[in-house]
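Residue numbers (the numbering used here), protein chains in the order written: chain A, 146 to 256; chain B, 37 to 151.
Take these hints with a grain of salt, some might be off.
[Said to hold, decoys possible] So the derived label-pair ranges between C-beta atoms look like this:
1) B:T151 with A:G185: 42 to 48 angstroms
2) B:Y46 with A:E150: 28 to 34 angstroms
3) B:Q131 with A:G198: 24 to 30 angstroms
4) A:G227 with B:L63: 38 to 44 angstroms
5) B:D106 with A:G197: 35 to 41 angstroms
6) A:S157 with B:L119: 44 to 50 angstroms
7) A:K204 with B:N98: 44 to 50 angstroms
8) A:V189 with B:L90: 25 to 31 angstroms
9) B:V48 with A:G198: 44 to 50 angstroms
10) A:G161 with B:P105: 47 to 53 angstroms
11) A:T229 with B:G52: 35 to 41 angstroms
12) A:G240 with B:E89: 14 to 20 angstroms
13) B:S116 with A:K204: 30 to 36 angstroms
14) A:A213 with B:Q131: 27 to 33 angstroms
These are calculated hints, taken from the structure and not from any lab test.
Computed from a predicted structure; not experimentally measured.
Quick reminder that beta carbons are idealized off the backbone N, C-alpha and C, glycines included.
Okay, here's what each chain looks like letter by letter:
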Amino acid sequence: TQLLEQSPQFLSIQEGENLTVYCNSSSVFSSLQWYRQEPGEGPVLLVTVVTGGEVKKLKRLTFQFGDARKDSSLHITAAQPGDTGLYLCAGARQGAQKLVFGQGTRLTINP
Amino acid sequence: DTAVSQTPKYLVTQMGNDKSIKCEQNLGHDTMYWYKQDSKKFLKIMFSYNNKELIINETVPNRFSPKSPDKAHLNLHINSLELGDSAVYFCASSQVILAGGGEQYFGPGTRLTVT
Numbered sequence: 146t147q148l149l150e151q152s153p154q155f156l157s158i159q160e161g162e163n164l165t166v167y168c169n170s171s172s173v174f175s176s177l178q179w180y181r182q183e184p185g186e187g188p189v190l191l192v193t194v195v196t197g198g199e200v201k202k203l204k205r206l207t208f209q210f211g212d213a214r215k216d217s218s219l220h221i222t223a224a225q226p227g228d229t230g231l232y233l234c235a236g237a238r239q240g241a242q243k244l245v246f247g248q249g250t251r252l253t254i255n256p
Numbered sequence: 037d038t039a040v041s042q043t044p045k046y047l048v049t050q051m052g053n054d055k056s057i058k059c060e061q062n063l064g065h066d067t068m069y070w071y072k073q074d075s076k077k078f079l080k081i082m083f084s085y086n087n088k089e090l091i092i093n094e095t096v097p098n099r100f101s102p103k104s105p106d107k108a109h110l111n112l113h114i115n116s117l118e119l120g121d122s123a124v125y126f127c128a129s130s131q132v133i134l135a136g137g138g139e140q141y142f143g144p145g146t147r148l149t150v151t
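The following block holds chain B by itself, in its conformation from the complex (with noise of 0.2 angstroms):
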């Protein structure tokens, strides 16, 4: 059973285009969060929920909007995208909000290429 998942693996789409991706953990976690990671691996994070209550939000441009249905589900809509939304998006869960060393499971990720 995958741990944490998400779909779709590979997303090619235009500039101006909305999509959106979705996470699924089933570890029973509380915690989920979305990262970025750039060209060059570096890994940022985005947002953070806990119980499907935003906790973190990084200065994430509004056109990015997580949604959580439920502790299990956080999903990414994007809006009007743009060339420098080219990255790959990883989900990721964890038992805690990272107090003192929580781990975190991350997803396979989804490389989303705007062209």
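Next up, chain A with everything else stripped away, as it sits in the complex (with noise of 0.2 angstroms):
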């Protein structure tokens, strides 16, 4: 059973629209982290969240946490071919020394 539950796990949208991915969890955790991974490449911190309901934008992204801290979502606006990739929501929870990563969402952004 996976702690951070991403969905969905794979999704391919033409560019210009825009689409939303959900990390869901029965578990609190103290902080939230987005990370985009691509081929070949190790995965690259996108934003940290850690109050309920805090909101964070990064250009065409919005980054979410529910207020009760157990779960988040990714919104993008007008999807570009260059947000391609693979995004893992990763948590850590209130006194741990680690992160737990979700499985992943595979976006694909056809031009």
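Two chains, two separate frames, one set of hints: put the complex together.
In structure tokens form, the structure reads like this:
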């Protein structure tokens, strides 16, 4: 059983469309991170959210941490081919010294 | 300058062999990690070290032995390789032991294929 469940696992859409990726858990996290990983490379941190209800924006990407700190979402507006990649959410539980990762969402933006 | 580097990038070897993967970070971080990413892209922590001290050993078979000669290096030695060890192994580092959201910097990965 995954501690963090991401959905959808695969998403292929056309350039210009909007999309939302979800990261859900039954556990409470003290912080949650989103990473993007491109083929042949390691994950790169996009954002960290730490407060319930927090919203952070990174250009066309909007990240939200759920009020109860059990879930998060990533919304991309007007997706571009450069957004293609594997998106990973990762959470740190209170007092834990490690991250647990979701299984990832493989996003493909078609020109 | 590469922040976290790993060598080799690719490693193909036969079952039963022993191999090592090296990792170096030039970020001045105190904590380093080894992760395993399987064919389904699931990323799971194996080990973490803080200032050369083992902090996390995530029930990894004892055929895997990490070694940290100094806080900038964390190497992974694998004995008696098995088919199931085939995966991409990532080294990472962070400034803190992940207390509330420290950023982790990942290396480019080492793709290990055991035949």
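Flag every earlier hint the structure violates by its number, smallest first.
Violated: hints 1, 4, 6, 13.
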